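Engineer: Chains as they are written, first to last, in our numbering: chain A, 16 to 533; chain B, 31 to 349.
Since the hints were derived computationally from the structure, they do not count as laboratory data. What you are looking at is a predicted structure, and each value in this text was computed from that prediction instead of being measured. All C-beta atoms, glycine included, are put in the ideal place defined by N, C-alpha and C. Among the hints, a few may not be true.
Stretch-level coverage of chain A by chain B, calculated; a stretch enters the list once three of its residues show a Cβ under 8 Å from a Cβ in chain B [unchecked claim]:
| hint | region |
| --- | --- |
| 1 | 93 to 105 |
| 2 | 155 to 165 |
| 3 | 204 to 210 |
| 4 | 240 to 246 |
Calculated lysine to any residue pairs in the SDA-like style (CA-CA distance at most 20 Å, straight line) [unchecked claim]:
| hint | chain 1 | residue 1 | chain 2 | residue 2 |
| --- | --- | --- | --- | --- |
| 5 | B | Lys-309 | A | Gly-366 |
| 6 | B | Lys-140 | B | Ala-284 |
| 7 | B | Lys-87 | A | Gln-365 |
| 8 | B | Lys-87 | A | Glu-376 |
| 9 | A | Lys-126 | A | Arg-408 |
| 10 | B | Lys-309 | B | Phe-270 |
| 11 | B | Lys-243 | A | Glu-376 |
| 12 | B | Lys-140 | A | Gln-365 |
| 13 | B | Lys-207 | B | Ala-174 |
Some chain A residues flagged as far from chain B (calculated, every beta-carbon gap over 10 Å) [unchecked claim]:
| hint | residue |
| --- | --- |
| 14 | Phe-77 |
| 15 | Lys-192 |
| 16 | Ile-215 |
| 17 | Glu-267 |
| 18 | Gly-496 |
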Amino acid sequence: MRWSTALFWKRLIMFGIDFLLDALTPLNVLLALGGVIAGTVIGALPGLSATMAVAVLVPFTFVMSPATALISLGAIYTGAIYGGAYSAILLNTPGTPSSIATTFDGYPMAKQGRGDLALTLACLASVFGGLVGAICLLMLSPPLATIALKFGPVEYFWLAILGLTLIAALSEGSLVKGLIGGGLGLLLSMVGIAEVGGDIRYVGEFQPLLGGIDVVGALIGIYCIPVIIGLVANPDPHLKSASTGNGFRLAEAVGALMRSKVNLVRSSLIGTVVGILPGAGGSIASLVAYSEARRVSPRQDNFGNGEPDGIIATESANNATVGGGFIPTLVLGIPGTPPDAIMLGALLVQGIRTGPTLFSEQSSIVYTFIWGLIIATLLMLPVGLVIGRYAFRFIVGVPKALLVPSVAFLTILGSFAIHNNPHEVQQMVVLGIIAWGLARAGFTPSPIVLGLILGAIAERGFVQGFLIGRARGNIAQEFFGRPIALGIIAFIILGLLYPLISARRARKAHTTDTDRRP
Amino acid sequence: MEKRHAWKVVLAALAVSSTMAATAAGYPDKTINYIIPFGPGGESDISARFQETTFKKLTGQSLAIQYKAGAGGAASWSQLNGMPADGYTVMGTNLPHIVMQPLEKNVGYKTDDIHTLYWFHFTPDALLVPADSPIMTLADYIAAARKSPGALTLSGSGTNSSNHIAQQRFDKMAGIKTTYIPFGGTGPSNTALLGRQVSASWGYTTVQVQLGKQVRCLAVAMEQRQKKLPDCPTFKEAGFDLVGGAYRGVAVPASTPAPVQARLADLLGQVNRDPAFIKIMEDNGFAMLDIGPAEMPKFMADVKSRYEAIAKEMGIRKR
Chain A
16 MRWSTALFWK
26 RLIMFGIDFL
36 LDALTPLNVL
46 LALGGVIAGT
56 VIGALPGLSA
66 TMAVAVLVPF
76 TFVMSPATAL
86 ISLGAIYTGA
96 IYGGAYSAIL
106 LNTPGTPSSI
116 ATTFDGYPMA
126 KQGRGDLALT
136 LACLASVFGG
146 LVGAICLLML
156 SPPLATIALK
166 FGPVEYFWLA
176 ILGLTLIAAL
186 SEGSLVKGLI
196 GGGLGLLLSM
206 VGIAEVGGDI
216 RYVGEFQPLL
226 GGIDVVGALI
236 GIYCIPVIIG
246 LVANPDPHLK
256 SASTGNGFRL
266 AEAVGALMRS
276 KVNLVRSSLI
286 GTVVGILPGA
296 GGSIASLVAY
306 SEARRVSPRQ
316 DNFGNGEPDG
326 IIATESANNA
336 TVGGGFIPTL
346 VLGIPGTPPD
356 AIMLGALLVQ
366 GIRTGPTLFS
376 EQSSIVYTFI
386 WGLIIATLLM
396 LPVGLVIGRY
406 AFRFIVGVPK
416 ALLVPSVAFL
426 TILGSFAIHN
436 NPHEVQQMVV
446 LGIIAWGLAR
456 AGFTPSPIVL
466 GLILGAIAER
476 GFVQGFLIGR
486 ARGNIAQEFF
496 GRPIALGIIA
506 FIILGLLYPL
516 ISARRARKAH
526 TTDTDRRP
Chain B
31 MEKRHAWKVV
41 LAALAVSSTM
51 AATAAGYPDK
61 TINYIIPFGP
71 GGESDISARF
81 QETTFKKLTG
91 QSLAIQYKAG
101 AGGAASWSQL
111 NGMPADGYTV
121 MGTNLPHIVM
131 QPLEKNVGYK
141 TDDIHTLYWF
151 HFTPDALLVP
161 ADSPIMTLAD
171 YIAAARKSPG
181 ALTLSGSGTN
191 SSNHIAQQRF
201 DKMAGIKTTY
211 IPFGGTGPSN
221 TALLGRQVSA
231 SWGYTTVQVQ
241 LGKQVRCLAV
251 AMEQRQKKLP
261 DCPTFKEAGF
271 DLVGGAYRGV
281 AVPASTPAPV
291 QARLADLLGQ
301 VNRDPAFIKI
311 MEDNGFAMLD
321 IGPAEMPKFM
331 ADVKSRYEAI
341 AKEMGIRKR
């Protein structure tokens, strides 16, 4: 164990105390701080996503040096991914798609008066996950970039199916209703022009639907509108105020984090790897990490009812995708996530071409940036704790008459901002009202959203894999003969059978217990 | 009474003349909204960013680049003519998209509805293989495809995209059969190529520049070799008349006042002839094009008849 620690420090020195010092110039630190604060606030507002935060900032970076530009963009990106947790926990509406899974346990915790603890947990987990992703980027970029290439259409297909098995786990109350919700989401994912093949589906004569259902708009509608209607219809206060009232609850959160070290590390690694896969992103990373955390947890039944491990898993995973996503972007020239694609374009304008030669020819830019990202991630700790403390107090204390119109305004602003188009606002409202009706009938929103996001990925992977398999003359080999695909299939089977196995084991233990009785 | 009336006429005349002056001479006196009908980070975005830098240098005004993705561009193009026609809203426009889309389905606009002011560059189609592929030349590629028809898989960006058209046209010209696998854009298509998920890829010259030594370019669909890629031959050199790619231009709502259109076209032309702009575009693998309002009618008539013929060949018809 000692040699590996020594190796770690050796590599760390190799990768540049110089570059660390370059990253630590007052301007860089200031921009990292500003970026994190701005990103956190933008991410917290439903509909204003990390992609948008980065896109808005890009023109301002043209006057900066490439490394400084990258640091500000990286800071606003990581801040926005983290900021999504605020609205997820306090309002039950994910601020960005990456924080969908944070609503599962974050909001129940807030309802129980533990919102301050949930926010602090989210902050600590995000910082930890962000650091894991960034350190992997610093130390292991070239070997990890090859993972991105090992994932073909078939692997994406199975990964999406793995995500869809979560529906079974998330269906509180009724499995049948969860599956119906998931099926509805899958149907919604098919609206518009098919990416592969170009067929037009479920559009009728209504032209605006050609572009399909926008995921962010749907997210806002499906999560926010029922919340708004619920706030108006229900006379109770929105959240219970904190019972202890000591603000940060830092010691308690650190304790919880220490108790679930394994979960924290595993989720961060899942986030890093999923971040590396182009096109997957934070929403899938946090869903996969959540399902893994739930599968191995001894407190399985508590998931969905305010289990701290759930927040730790999703928040560490989604921030780890930031560093992970930069790996293929910088090493191969292939953007790992949508914000990476924007940053790649911004770099081209600066005359920097990402790709295999970047690390050798322009190492000072790359390593200064990576150190800057690490600094920005660390700055997220004080920023997040302070904003978290006031955000929680504000949301608890603010009268409903003010909260409801503010959230309603944000939903419209957010859905309009997706494409600067009133069509997404209409879509958001219609889906929201449908979701409210379904919620009254006992359908939860998450299976619908899972179906919508994962359906498109599953379909794309299936059709592409099928076409490739047919061209090679062996479709079965394509779907069931690739090692990574087989590994994911094993997880799917395990996830589906685990409840049965554990139930049988519990029964067996129970019967042997009774047999032993005299 | 007479006096007051006259005063009104003078005022009205003044108002009219001042607005006319404002629309033509003072233009542009504020930020112009530049709508990209695709997501960020793609070739349309990158070239718009390059234009923005030069445009600002020329006029002192910014181009605010906004993304309005959906339906392969159709979501934005179908709304173009309903947007403010004051010269402060412009939109990126693409070929073959604006010809092919209305041919195959009802997308809410017709090709002639899109009032393109300027075509300024194109990304030529290029046939690429991974660097370690046994296929070394275009001749090897054709031989491999002949040996087992349909077994060569090719990634490309989307169904009926420029890449797809190039694959169909080349298969026909060379008398071969290959399998096209559509991906959601250049990024995923490149990943599939680098990851050996497919045997080769119909990409663009920009892809070769971006991916560098990871891939080998077998041929480009240009009249002459791309300056940045001197080792990559053209299809013409091998005897195939394949020239094409994704063309990009700038369009405005059709009712935009003629003086404003003329001024904007003039500015876009100046940007397009700026040596620094040309250099950065070519360094990134783009090929320049210079079709302004004067050449526009003939150019559009040509491309329309050309793509309509291709669409007929590919069996594309309105569904």
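Engineer: Does A:Gln-365 lie within 20 Å of B:Lys-87 when you go C-alpha to C-alpha?
Structural biologist: 16 Å, holds
Engineer: Regarding the pair B:Lys-309 and A:Gly-366, is the alpha-carbon distance no greater than 20 Å?
Structural biologist: 11 Å, holds
Engineer: Would the pair B:Lys-243 and A:Glu-376 pass a check requiring their Cα atoms to be no farther apart than 20 Å?
Structural biologist: Within the cut-off at roughly 14 Å; holds.
Engineer: A:Ile-215: least C-beta distance to chain B exceeds 10 Å?
Structural biologist: Nearest chain B Cβ is 6 Å from A:Ile-215, so the label is violated.
Engineer: Against chain B, does A:Glu-267 hold up as non-interface, every C-beta pair farther apart than 10 Å?
Structural biologist: Correct as stated: the minimum Cβ-Cβ distance to chain B is 41 Å, above 10 Å.
Engineer: For the pair supplied as a hint, A:Lys-126 and A:Arg-408, is the alpha-carbon distance within the 20 Å limit?
Structural biologist: Answer holds: A:Lys-126 to A:Arg-408 is near 13 Å, not above 20 Å.
Engineer: Since A:Phe-77 was said not to touch the interface, does its Cβ keep a gap of more than 10 Å from each Cβ of chain B?
Structural biologist: Nearest chain B Cβ is 7 Å from A:Phe-77, so the label is violated.
Engineer: Checking a non-interface call: every C-beta of chain B should be farther than 10 Å from the C-beta of A:Lys-192. Is that right?
Structural biologist: Non-interface label on A:Lys-192 holds, nearest chain B Cβ at 31 Å vs cutoff 10 Å.
Engineer: Does B:Lys-140 pair with B:Ala-284 here, judged by a C-alpha cut-off of 20 Å?
Structural biologist: Measuring from Cα to Cα gives roughly 13 Å; hence the hint holds.
Engineer: Between B:Lys-140 and A:Gln-365, does the CA-CA distance stay at or below 20 Å?
Structural biologist: Between B:Lys-140 and A:Gln-365 the Cα gap is close to 37 Å, so the pair fails against 20 Å, i.e. violated.
Engineer: How does the region 204 to 210 of chain A fare against chain B when you require at least three residues with a CB closer than 8 Å, holds or violated?
Structural biologist: Per the Cβ count (4), the hint holds.
Engineer: With the threshold set at 20 Å, check whether the alpha-carbon distance from B:Lys-207 to B:Ala-174 stays at or below it.
Structural biologist: 10 Å, holds
Consistency with the previously given hints fails for numbers 1, 4, 8, 10, 12, 14 and 16, ordered from lowest to highest.
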